[in-house]
Amino acid sequence: MKPTGFEDYVAEGPIRPEEYLRDRGEYDPDISFASRIETAITHFCARRKMHQQTRKIFDKFMVFGGMACGQRQFIGGLDEKSMEEYTKKELAELTSNYGVAERVMDGLHESEFGGAVTWEVDFAAVARGFLSSQFMRHFHWYDLQMVQTATNVLRNFYNYLLLHDVCPEYGVQLVAARKVCDDAEAELPMLKEVDQGLPGGFNVACSTLFGGRYSNLYAAGNDWARADDNLGWSQVNADCVFKAGIFAHGTEAQLRQVEEAAEQGSNSFKVISSEELGLEITRVEVANAEASTVYNSTALQNTFIRPMGKLHCKRWAAPHAAPSDLLPSSKPGPEEFEFLVDDDLLQYCVPGMKMECCVKKLDLGVKWIDHIAAVYASFFTWLANEEICEWKEPGPPKEWMVRVMNRDNGVLVEGDGGIGEEREEGELDELD
Numbered sequence: 001m002k003p004t005g006f007e008d009y010v011a012e013g014p015i016r017p018e019e020y021l022r023d024r025g026e027y028d029p030d031i032s033f034a035s036r037i038e039t040a041i042t043h044f045c046a047r048r049k050m051h052q053q054t055r056k057i058f059d060k061f062m063v064f065g066g067m068a069c070g071q072r073q074f075i076g077g078l079d080e081k082s083m084e085e086y087t088k089k090e091l092a093e094l095t096s097n098y099g100v101a102e103r104v105m106d107g108l109h110e111s112e113f114g115g116a117v118t119w120e121v122d123f124a125a126v127a128r129g130f131l132s133s134q135f136m137r138h139f140h141w142y143d144l145q146m147v148q149t150a151t152n153v154l155r156n157f158y159n160y161l162l163l164h165d166v167c168p169e170y171g172v173q174l175v176a177a178r179k180v181c182d183d184a185e186a187e188l189p190m191l192k193e194v195d196q197g198l199p200g201g202f203n204v205a206c207s208t209l210f211g212g213r214y215s216n217l218y219a220a221g222n223d224w225a226r227a228d229d230n231l232g233w234s235q236v237n238a239d240c241v242f243k244a245g246i247f248a249h250g251t252e253a254q255l256r257q258v259e260e261a262a263e264q265g266s267n268s269f270k271v272i273s274s275e276e277l278g279l280e281i282t283r284v285e286v287a288n289a290e291a292s293t294v295y296n297s298t299a300l301q302n303t304f305i306r307p308m309g310k311l312h313c314k315r316w317a318a319p320h321a322a323p324s325d326l327l328p329s330s331k332p333g334p335e336e337f338e339f340l341v342d343d344d345l346l347q348y349c350v351p352g353m354k355m356e357c358c359v360k361k362l363d364l365g366v367k368w369i370d371h372i373a374a375v376y377a378s379f380f381t382w383l384a385n386e387e388i389c390e391w392k393e394p395g396p397p398k399e400w401m402v403r404v405m406n407r408d409n410g411v412l413v414e415g416d417g418g419i420g421e422e423r424e425e426g427e428l429d430e431l432d
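Per UniProt numbering: the sequence shown = residues 1 to 432.
Keep in mind that the hints are not guaranteed to be accurate.
Claimed, not checked - With a straight-line Cα cutoff of 27 Å, these simulated DSSO-like cross-link-like pairs (lysine-lysine) come out: (1) 270 x 361; (2) 361 x 310; (3) 49 x 192; (4) 243 x 270; (5) 270 x 310; (6) 192 x 56.
Honestly, the hints are just simulated from the structure, not real lab data.
With the hints as extra help, turn the sequences into a complete structure.
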């Protein structure tokens, strides 16, 4: 297989003298940024062989970053003789698949006409937005090789822009964007573990015991059930995990209440609140010496109960959360959340990671994560590009749309009870 230009061993440079002279002409700072970036993308693609997956990633990245994809000029009618009249540079421009989208071009130059600039250049923000959202939505981000392919494509592109000095005014941004690629390559595999591991043993136990999402998922004892069908705990095992967590981390008052409930032979604790919200991890705290004493006790050794630490979080405004109708004075203020999570899962929890989840609270004072709706990387960034890049120019109206519009406008058309004549305002159709 021929080299693609994306291999790990491929290094850009050094630039030949003729390339340097060409670059200085094509990437002169006096030329608009839009023209320079279009030229750079054309040359970059001409020097790379993109396979299907690489091309798909690059296309998504380009569209998310404000480019329009698709051939910019139709060249199907050009014969071999006609094409000989063009230089390599002109042919590359004719066959280029990318150009700055018209809406972006208008937004960049809005200030020239007295308006507000609606688009701005920010390589690092686009890298964060793409790798933390679009990439995770459209590609199998659980696959480490896929993550490495995506970060390599972006990093390779940024290196090209830096080497050829395409936009020196954004050099600092390009270096920051490369750093985002490094962060994503290191963090997304950890986020995968968090996504698969949360809410964790103690939280699943609470959910099982107190009517949460996991309360009816245990199916042991049924002929049709398989071992991998059971996502939750049995009532007995859930009770053991719950009590172990309280004994290791609970307050004296909580310990006393749990012991009293055990003596009465019931878990009579009630759920007093349930809330769908966004959370951001602030810090992790593995099991301390006192808690470790409980987990290392003879009663818990060689059991399914694993040591637990604490996951500390704060409220986070999720980008797609339903708007709150509470008055500003009634909205919850800054609040620290504390959840018990398995120690072996805490090692993957990076401060700054975010989640959308359901948090419930017992009258015992214990809060737990009932279930997770989505997880986000610490570098997650929401951009308006999310909505705009999915938008497509509407096509011509369909026939039924035309009929409806004509009826609404009081126009009779053939096949609708008339022959195309316009109805006077207030005039009724004659009945035969």
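request  = Please work out if residue 270 and residue 361 have their alpha carbons no farther apart than 27 Å.
outcome  = 8 Å, holds
ask   = Holds or violated: residue 270 with residue 310, Cα cutoff 27 Å?
value = Roughly 23 Å separates the two Cα atoms, so the pair holds.
inquiry  = Next pair to validate is residue 361 with residue 310; report whether the Cα-Cα distance is within 27 Å.
reply    = 16 Å, holds
ask   = Keeping to a limit of 27 Å between CA atoms, is the pair of residue 243 and residue 270 held or broken?
value = 16 Å, holds
ask   = Is the Cα-Cα distance between residue 192 and residue 56 27 Å or less?
value = 22 Å, holds
query = Has the given pair, residue 49 with residue 192, been kept, meaning a C-alpha gap of at most 27 Å?
reply = Violated, because 30 Å separates the two Cα atoms, which is more than 27 Å.
In summary, the structure is inconsistent with hint 3 from the numbered list given earlier, while agreeing with all the others.
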